[in-house]
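Trainee: Chain residues, written in single-letter form:
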Amino acid sequence: MTTLTLGKALNEGLRRALADDDTVVLMGEDIGTLGGVFRITDGLKAEFGGDRVVDTPLSEAGILGTAVGLAYRGFRPVVEIQFDGFVYPGFDQIVAQVAKLHYRSRGTVKMPMVIRIPFGGGIGAAEHHSESPEAYFTHTAGLRVIACSNPADAYVMIRQAIASDDPVVFLEPKRRYHVKGEVDLDANLADARPMGVATVVASGRDVTLVTYGALVQTAKDAATAAAEEGVSVEVIDLRSLAPVDYSTIEASVRRTGRLVVAHEAGEQGGVGAEIAASITERCFEFLEAAPVRVTGHDIPYPPAKLEQHHLPDLDRILDGVDRAMGRPNSLSDVSEVDA
Amino acid sequence: MTPSDREATGLLTRPGDLVQLLDQAGTRHANPDFDPWVADVDTDALAALHRDMVVVRRLDAEATALQRQGELGLWPPLAGQEAAQIGSARALDDEDFVFSSYREHAVAWLRGVQPVELLSVWRGTAASGWNPYEKRMAVPQIIIGAQSLHAVGWAMGAKVQGDEHVAISYFGDGATSEGDVNEAFVFAASFDAPVVFFCQNNGWAISEPVGLQSKQPLARRADGFGMPGIRVDGNDVLAVLAVTRWALDRARRGEGPAFIEAVTYRMGPHTTADDPKRYRTDDDLAAWRERDPISRLHALLAASGADMAAVDADAKAAADRAAADLRAAITNIPDPEPMSVFDHVYAEPNSHLERQKSRYARYLAMFDEEDDR
Numbered sequence: 001m002t003t004l005t006l007g008k009a010l011n012e013g014l015r016r017a018l019a020d021d022d023t024v025v026l027m028g029e030d031i032g033t034l035g036g037v038f039r040i041t042d043g044l045k046a047e048f049g050g051d052r053v054v055d056t057p058l059s060e061a062g063i064l065g066t067a068v069g070l071a072y073r074g075f076r077p078v079v080e081i082q083f084d085g086f087v088y089p090g091f092d093q094i095v096a097q098v099a100k101l102h103y104r105s106r107g108t109v110k111m112p113m114v115i116r117i118p119f120g121g122g123i124g125a126a127e128h129h130s131e132s133p134e135a136y137f138t139h140t141a142g143l144r145v146i147a148c149s150n151p152a153d154a155y156v157m158i159r160q161a162i163a164s165d166d167p168v169v170f171l172e173p174k175r176r177y178h179v180k181g182e183v184d185l186d187a188n189l190a191d192a193r194p195m196g197v198a199t200v201v202a203s204g205r206d207v208t209l210v211t212y213g214a215l216v217q218t219a220k221d222a223a224t225a226a227a228e229e230g231v232s233v234e235v236i237d238l239r240s241l242a243p244v245d246y247s248t249i250e251a252s253v254r255r256t257g258r259l260v261v262a263h264e265a266g267e268q269g270g271v272g273a274e275i276a277a278s279i280t281e282r283c284f285e286f287l288e289a290a291p292v293r294v295t296g297h298d299i300p301y302p303p304a305k306l307e308q309h310h311l312p313d314l315d316r317i318l319d320g321v322d323r324a325m326g327r328p329n330s331l332s333d334v335s336e337v338d339a
Numbered sequence: 340m341t342p343s344d345r346e347a348t349g350l351l352t353r354p355g356d357l358v359q360l361l362d363q364a365g366t367r368h369a370n371p372d373f374d375p376w377v378a379d380v381d382t383d384a385l386a387a388l389h390r391d392m393v394v395v396r397r398l399d400a401e402a403t404a405l406q407r408q409g410e411l412g413l414w415p416p417l418a419g420q421e422a423a424q425i426g427s428a429r430a431l432d433d434e435d436f437v438f439s440s441y442r443e444h445a446v447a448w449l450r451g452v453q454p455v456e457l458l459s460v461w462r463g464t465a466a467s468g469w470n471p472y473e474k475r476m477a478v479p480q481i482i483i484g485a486q487s488l489h490a491v492g493w494a495m496g497a498k499v500q501g502d503e504h505v506a507i508s509y510f511g512d513g514a515t516s517e518g519d520v521n522e523a524f525v526f527a528a529s530f531d532a533p534v535v536f537f538c539q540n541n542g543w544a545i546s547e548p549v550g551l552q553s554k555q556p557l558a559r560r561a562d563g564f565g566m567p568g569i570r571v572d573g574n575d576v577l578a579v580l581a582v583t584r585w586a587l588d589r590a591r592r593g594e595g596p597a598f599i600e601a602v603t604y605r606m607g608p609h610t611t612a613d614d615p616k617r618y619r620t621d622d623d624l625a626a627w628r629e630r631d632p633i634s635r636l637h638a639l640l641a642a643s644g645a646d647m648a649a650v651d652a653d654a655k656a657a658a659d660r661a662a663a664d665l666r667a668a669i670t671n672i673p674d675p676e677p678m679s680v681f682d683h684v685y686a687e688p689n690s691h692l693e694r695q696k697s698r699y700a701r702y703l704a705m706f707d708e709e710d711d712r
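From first to last, the protein sequence lines are chains L and H.
For the first sequence, my numbering gives the first residue as 1, with consecutive numbering after it.
For the second sequence, my numbering gives the first residue as 340, with consecutive numbering after it.
Treat each hint with caution, since some may be false.
Each computed EDC-like pair below joins lysine to aspartate or glutamate, with the alpha-carbon atoms no more than 20 Å apart [to be verified]:
(1) L:K220 to L:E182
(2) H:K498 to L:E182
(3) H:K498 to L:D21
(4) L:K45 to L:D20
(5) H:K696 to L:D245
(6) L:K110 to H:D682
(7) L:K110 to H:D356
(8) H:K696 to L:E274
(9) H:K498 to H:E594
(10) H:K498 to L:D51
(11) L:K180 to L:D22
(12) H:K498 to L:D245
(13) L:K220 to L:D319
(14) H:K498 to H:D531
(15) H:K554 to H:D613
(16) H:K554 to H:D356
(17) H:K696 to L:D55
(18) L:K45 to L:D30
(19) H:K696 to H:D707
(20) L:K45 to L:D22
(21) L:K110 to H:D707
(22) L:K110 to L:D22
Restraint-style ranges between C-beta atoms, simulated for each label pair [said to hold, decoys possible]:
(23) L:V200 to H:R694: 17 to 23 Å
(24) L:G124 to H:R698: 42 to 48 Å
(25) H:N671 to L:A251: 46 to 52 Å
(26) L:E127 to H:K554: 30 to 36 Å
(27) L:D20 to H:T382: 53 to 59 Å
(28) H:P688 to L:L58: 47 to 53 Å
(29) L:T108 to H:A667: 41 to 47 Å
(30) H:K696 to L:P303: 44 to 50 Å
(31) H:R698 to L:L189: 53 to 59 Å
(32) H:G409 to L:D165: 37 to 43 Å
(33) L:T108 to H:P673: 17 to 23 Å
(34) H:G593 to L:D298: 34 to 40 Å
(35) H:K696 to L:D51: 39 to 45 Å
From the derived model, a few chain H residues whose C-beta atoms are all more than 10 Å from chain L [said to hold, decoys possible]:
(36) R390
(37) R617
(38) R666
(39) I669
(40) D682
Simulated from the structure, these hints should not be mistaken for laboratory data.
We put the CB at the ideal spot given by N, CA and C, even for glycine.
All chains should be modelled from the sequences, with the hints used to inform the complete structure.
Mentor: As structure tokens, then:
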């Protein structure tokens with residue numbers, strides 16, 4: 001075991017993938033000489049050369065569209081989108097090309113592409129640097145959407161995403177890039193938990209709390225705090241947002257009878273809405289309370305001095321847990337109509 | 340800007356900067372720059388180009404007829420663009436790779452695509468008709484200009500891998516306004532990618548004249564991106580062949596991308612769902628009928644002493660055969676199996692879709708049970 005930050009674990013995962021497979025090629029803005037604005041690709045151009053770690057012109061559509069052409073001829077492109085809010089100029093290439101080419105070509109053309117996106121807020125950044133665009137991609141057939149939350153997973157999951165024959169939108173919790181953890185650099189992909197499987201990161205019996213990315217740590221902290229008040233929270237790190245590993249969530253909710261889903265992205269049409277609806281359909285008779293969503297507001301990402309009022313934090317998650325538990329909470333005195 | 344203003348701007352016919360080896364009367368003009376590129380084209384080769392164009396014009400007319408008869412949902416005719424497509428596609432090596440839009444039926448034909456493969460998409464029975472790796476032609480692209488980036492990516496990979504083959508991207512005048520196409524130019528130039536951008540300027544993007552896309556000849560844009568741009572008479576199959584060979588050759592030799600603007604005209608509607616009478620005049624059409632790509636080559640063949648009875652008979656026989664195959668193909672396209680709607684969304688098993696699929700199968704089975712009762 002080696003102690004690495006999440007960012008360094010991704011770097012090691014990319015290094016390993018480049019070393020293991022000549023068809024892996026990294027593309028993005030500032031990823032070569034600079035090593036990426038978050039240094040996730042640090043040193044890789046020096047080690048593997050400019051043909052495999054490619055500094056591209058500043059064009060997201062260009063990066064993604066040329067990656068499609070590379071995939072057409074058998075490459076496995078790993079594309080870095082510099083920040084979440086910069087992905088939209090490449091949106092057409094992702095949803096109309098990358099996601100659909102396998103279907104359109106009736107299975108003859110594979111798109112084994114990874115689109116890495118640092119996502120989420122909490123870093124006091126300027127506009128377009130703190131967004132959570134995952135629902136656009138979970139809504140798009142043909143894509144897989146993955147979010148890592150810790151160094152050990154980051155090292156394995158980035159390699160799994162690269163090995164996948166399907167295109168993967170790989171979300172990296174940028175505010176956790178510097179969090180350290182133990183990583184097994186000899187981890188064998190064949191033995192690793194598939195990236196499509198969720199992980200129960202804290203066991204509990206009263207409430208199932210589902211989240212992903214940066215909020216996994218927040219949720220674990222919330223579970224610790226709740227335990228002090230006698231509420232036992234089971235925390236699930238979703239890991240795969242599309243498809244969702246419902247069997248893990250369902251097994252938990254059948255025991256706890258209560259579901260809270262938390263994410264930084266807005267509520268409307270979000271991943272939480274999908275999970276709440278699906279779990280209600282799948283195990284309605286086991287639910288003791290309506291599923292609860294704790295999310296960012298449905299607003300453009302606010303200025304940095306306001307982001308604390310946008311992002312779900314430990315207390316807002318606990319408030320959601322209290323709602324699920326029927327304990328006193330922010331909405332206790334509000335009628336259903338107003339709520 | 341009205342359609343008549345378009346000609347006044349010189350966007351379609353600016354004398355002097357248009358490569359033309361064969362004028363509209365069929366007279367061959369010497370061109371020291373490009374004659375060498377077609378020095379091998381003898382009378383037999385000219386007759387073959389003539390036959391190709393006659394065949395694809397006939398295929399196109401048959402497909403339009405099939406759409407009118409309800410056999411196809413839609414058809415985007417290529418009529419008028421035969422020389423641009425045949426001349427450029429004949430310049431390709433078998434291993435070069437084509438990234439086209441949805442109107443390049445003649446290119447597909449020359450890549451060996453069969454009628455049944457060409458029509459299935461437009462009949463709505465399949466998402467695409469052929470294996471791109473067998474035909475060395477990507478599945479056609481409907482999003483305007485998106486394929487230009489795919490061609491560049493393919494070419495960037497070819498360069499890295501030491502592959503001598505070239506990508507060619509077909510798109511129209513309208514596509515030159517798309518970000519993807521301009522970004523493709525940037526990437527191609529920056530990486531010296533072996534790619535040829537082949538723009539068929541057919542004058543119209545559905546109802547919008549090319550003057551709305553550009554205030555100057557499209558080929559001039561290339562200079563700003565750092566690659567050569569060349570305008571060619573797109574209805575002159577010989578000039579198109581020469582210019583495309585030149586561009587492919589320099590790409591093959593590592594000199595990077597080039598942009599070809601083939602000035603042609605879409606004689607028919609954008610698609611069978613379009614009504615061009617709403618936006619252009621009969622006079623416009625008549626002028627372009629004078630510049631027909633087939634008749635001028637026919638005239639050259641006659642003047643060069645070819646056995647025209649044989650040339651015509653050969654072309655007609657090939658066209659008749661292709662048209663018969665096309666009609667037969669329609670009846671040979673089976674309706675797809677309902678459950679195939681779920682096929683190939685993912686390359687790997689996907690739990691969500693598998694659940695949806697099994698549920699829909701149960702739903703469909705309900706009707707079978709009703710039938711059994």
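Trainee: Each hint: holds or not?
Mentor: Going through the hints against the structure:
1. L:K220 to L:E182: 17 Å, holds
2. H:K498 to L:E182: Not satisfied, since the Cα-Cα distance of roughly 40 Å exceeds 20 Å.
3. H:K498 to L:D21: 19 Å, holds
4. L:K45 to L:D20: 16 Å, holds
5. H:K696 to L:D245: 17 Å, holds
6. L:K110 to H:D682: Roughly 13 Å between the alpha carbons, so the hint for L:K110 and H:D682 holds.
7. L:K110 to H:D356: With a Cα-Cα distance of about 42 Å, the restraint between L:K110 and H:D356 is violated, given a limit of 20 Å.
8. H:K696 to L:E274: Within the cut-off at roughly 18 Å; holds.
9. H:K498 to H:E594: Judged against 20 Å, a Cα distance of about 11 Å means the pair holds.
10. H:K498 to L:D51: Given that 20 Å is the threshold and the Cα spacing comes to 10 Å, the pair holds.
11. L:K180 to L:D22: 30 Å, violated
12. H:K498 to L:D245: Distance of about 41 Å is beyond 20 Å: violated.
13. L:K220 to L:D319: Holds, because 14 Å separates the two Cα atoms, which is no more than 20 Å.
14. H:K498 to H:D531: 8 Å, holds
15. H:K554 to H:D613: 26 Å, violated
16. H:K554 to H:D356: 16 Å, holds
17. H:K696 to L:D55: 41 Å, violated
18. L:K45 to L:D30: 11 Å, holds
19. H:K696 to H:D707: 17 Å, holds
20. L:K45 to L:D22: 14 Å, holds
21. L:K110 to H:D707: At roughly 35 Å apart (the allowed maximum being 20 Å), H:D707 and L:K110 break the hint.
22. L:K110 to L:D22: 17 Å, holds
23. L:V200 to H:R694: 17 to 23 Å: 22 Å, holds
24. L:G124 to H:R698: 42 to 48 Å: 46 Å, holds
25. H:N671 to L:A251: 46 to 52 Å: 50 Å, holds
26. L:E127 to H:K554: 30 to 36 Å: Once the Cβ atoms are compared, 34 Å apart, the range 30 to 36 Å for H:K554 and L:E127 holds.
27. L:D20 to H:T382: 53 to 59 Å: 57 Å, holds
28. H:P688 to L:L58: 47 to 53 Å: 37 Å, violated
29. L:T108 to H:A667: 41 to 47 Å: About 25 Å separates the Cβ atoms of L:T108 and H:A667, which means 41 to 47 Å is violated.
30. H:K696 to L:P303: 44 to 50 Å: 45 Å, holds
31. H:R698 to L:L189: 53 to 59 Å: 32 Å, violated
32. H:G409 to L:D165: 37 to 43 Å: At 39 Å between Cβs, range holds.
33. L:T108 to H:P673: 17 to 23 Å: The hint (17 to 23 Å, Cβ to Cβ) holds, given that L:T108 and H:P673 are roughly 19 Å apart.
34. H:G593 to L:D298: 34 to 40 Å: 53 Å, violated
35. H:K696 to L:D51: 39 to 45 Å: 41 Å, holds
36. R390: Per Cβ check, H:R390 is outside 10 Å of chain L; nearest 31 Å; holds.
37. R617: The claim stands: H:R617 keeps its Cβ more than 10 Å from every Cβ of chain L (closest is about 28 Å).
38. R666: Holds, because the least Cβ-Cβ distance between H:R666 and chain L comes to about 24 Å, which exceeds 10 Å.
39. I669: Given that every Cβ of chain L is farther than 10 Å from that of H:I669, nearest at about 19 Å, it holds.
40. D682: 7 Å, violated
In summary, the numbered hints that this structure violates are 2, 7, 11, 12, 15, 17, 21, 28, 29, 31, 34 and 40.
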